[in-house]
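Starting from the known structure of chain A, fit chain B with the ligands onto it as the hints suggest.
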Amino acid sequence: MRNASETLELERALTGARWLTAARVIALLALAAVLVVFPQTTKVGYLLSTGVVILNYAVTATGWNFMGGFTGYISLGHAAYFGLGAYGTGILVVKAGISPFLALALAALIVAVIAVPIGIAALRVRGASFVIVTIAFVLILLLMFQSMGSITGGSGGLSLPRPFPDLIRTDHHRTFYYIYLGLLAVMLLAWWAIDRSRFGMGLKAVREDEDKARSLGVPTTGAKLVAFILSAFFTGLGGGLYALWFGDLDPVFQFSIMMGAYMVLMALLGGVRSLFGPLLGALVVGMAIEFFKAQYGDTQFHLVATGLLLAVVVLFMPEGVIPAVKGLFARFGPQASSIREISAADLAAERDAEEASKP
Amino acid sequence: MTVTLEVANLSKSFGGVHAVVDASVSFQPGKVNAIIGPNGSGKTTFFNCVTGMIRADAGTVTLAGHDVTRASPDRIARLGLGRSFQVCRIFPRMTVLENLLVAVKNPSLTGALGSAKNPTAIAAARVWLRRVGIDHLEHAEARNLSYGQQKLLELAGVLMGDPEIIMLDEPAGGVNPALIGRISALIRELNAEGRTFVVVEHNMELVMSLSDHVVVFDRGRPIAEGDPAHVQADPRVLEAYLGV
Ligand SMILES: Nc1ncnc2c1ncn2[C@@H]1O[C@H](COP(=O)(O)OP(=O)(O)O)[C@@H](O)[C@H]1O
Ligand SMILES: [Mg+2]
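Residue numbers (the numbering used here), protein chains in the order written: chain A, 1 to 359; chain B, 1 to 244.
Looking at chain A on its own, in the form it has when it is part of the complex:
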């Protein structure tokens, strides 16, 4: 029996939802506008390159979220795919003479292929063991790339020619800014498509309770592997693009645990369940990192700041910023009744009906 007051509540909840949707759309359009217009507002090379760096963070955090967000498997070693994408692109350009963007595409595909056996091995374990396997992989790659000097440039690094030799410095940054933005848009679209799909539903079931998902017939092994490969592929694309933009590769920076930790931090901060969570996290953390670096130099200070930020997030917004803000909206918006109240009302109605049917 749905009575009048419940209908009213439902209506109010719906109005609230509509309000929230409108607020979200406006916020998104504003964010998109800022991201698109930003490079036109400045000629300062440093600002433009910082923009590229932050978009690079956004791409890697969003790439990470294809695995971490959907399945809840936390990889701390995603720098592995970034580094492989970067070096793959670099080696194909420098040693094989392939044109830059073809090299980028090939390198990302190679990363995806490498991710198959790695994924099969790593996904056999869950939780902390999975985290450790991912860290081990990136450390192994670091040692390998440092020692294979003749191909990778070793610790001395690998230098790539600029893909657009005619562009002046600021235009180089600006061009790459838009390429990164395009890649980010494609990734967000892919994440969105998966999020609403049956495949995505299976992945989210894994995040909630993997064994339960299996008992319901979700082919979790295959689904996790596909998510893992996609995640590696996109992260590899980000790495390759970085190689073309920055032009200098060093194993210590490309295969660093810190970079993997940043991806996790950014995604967690923004919220791994939200499409735009990692992007938002990357904007906040990326700006903070770059600010600290500019202000205090490349000291350990920004590491401490990052650590503090992570602690704050985990303690006060374990779901990330987006759900926290939504919660705030909900608190000030119209109140929906709790489920328990509805069921209590139902029970009362049932009882009444029983009572009435008695002679």
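Please keep in mind that the hints were generated in silico from the structure rather than gathered at the bench.
For clarity, every value in this text was computed on a predicted model and none was experimentally measured.
In this text, a Cβ means the ideal position worked out from N, Cα and C, and glycines have one as well.
Be aware that a few hints might be false.
Rough simulated footprint, nothing fancy, chain B against chain A, three-plus residues with beta-carbon under 8 Å [said to hold, decoys possible]:
#1 189-198
#2 205-218
Quick partial rundown of chain B residues pointing at chain A, CB under 10 Å, derived from the structure [as the list claims (entries may be wrong)]:
#3 M53
#4 R75
#5 A77
#6 V102
#7 S115
#8 I223
The following block gives chain B with the ligands in isolation, referenced to the frame of chain A:
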């Protein structure tokens, strides 16, 4: 259409604990089969081995003619065996409706990339939600449901996969008498529609009224089986289970 489930010489130990010992059981297709036995007699472990959740040390499980002893739980589920858990398991952060949409049967590639919330799947989910009586909670987050409602949700989720054999681990555990009545009526209805049940249950009244065939476990072994009246009168059962 009735799918068979046969278990032969199944054993499982945890360290020194012999949870299931050389258990051979063939369940009656199309019937309500019950497994009873004291706490710790290996019923849940037996369930977990049969459904592929844990790997048996020895023995074979045959489902619909397939040897599924080493098959993954998801394959076993897709072959038509659904199960619930002793401590009810649902997806707490999903809505009631989404909980069911996870379990849609037979995903093809295009199906996998299609919308999870397509009208066909939603319509099917609503049928089951209505049948177990929680359709009005469709949009609620599952973690906000009462325990009894969560049990019904788990059952609806299992049914969403359209299983021919349904294994329920203590379906009446921890729920109020009114709900026990509703659950047992549902089992009866679904059985009448041709679904085979294997039910682990402590509530003897329920077991005796509901089941066609009873298997008694004691210390990891099936020690007796037969129709409820027959089993109830078996001296070994009285000794092991009822402690007489
Ligand atoms: N994962 C496990 N690890 C160790 N021992 C277990 C595990 N699962 C069950 N057992 C043991 O196996 C025996 C059978 O348990 P169980 O199958 O849960 O029995 P029942 O469901 O009949 O109560 C018990 O002694 C229990 O302690
Ligand atoms: Mg048990």
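Counting residues of the region 189-198 of chain A whose CB is closer than 8 Å to a CB in chain B, do you get three or more? n = 4 at 8 Å, threshold three: holds.
Tell me whether the statement that chain B covers the region 205-218 of chain A is true, taking a Cβ distance below 8 Å and needing three residues at minimum. Since three or more residues must qualify, the claim that chain B covers the region 205-218 of chain A holds, with 11 doing so at under 8 Å.
Cut-off 10 Å, beta-carbon criterion: hint that A77(B) touches chain A: This interface hint holds because 4 Å falls under the 10 Å limit.
At a threshold of 10 Å, is the proposed contact between I223(B) and chain A supported by beta-carbon distances? violated (28 Å)
At a threshold of 10 Å, is the proposed contact between V102(B) and chain A supported by beta-carbon distances? At about 4 Å, which falls below the 10 Å cut-off, the nearest Cβ of chain A leaves the hint on V102(B) intact, so it holds.
Evaluation of the interface hint that places R75(B) against chain A, nearest CB under 10 Å: holds (8 Å)
Restraint satisfaction for M53(B) [CB to CB of chain A, less than 10 Å]: holds (6 Å)
Hint check: 10 Å Cβ-Cβ cutoff, S115(B) to chain A: holds (6 Å)
In summary, the one numbered hint that this structure violates is 8.
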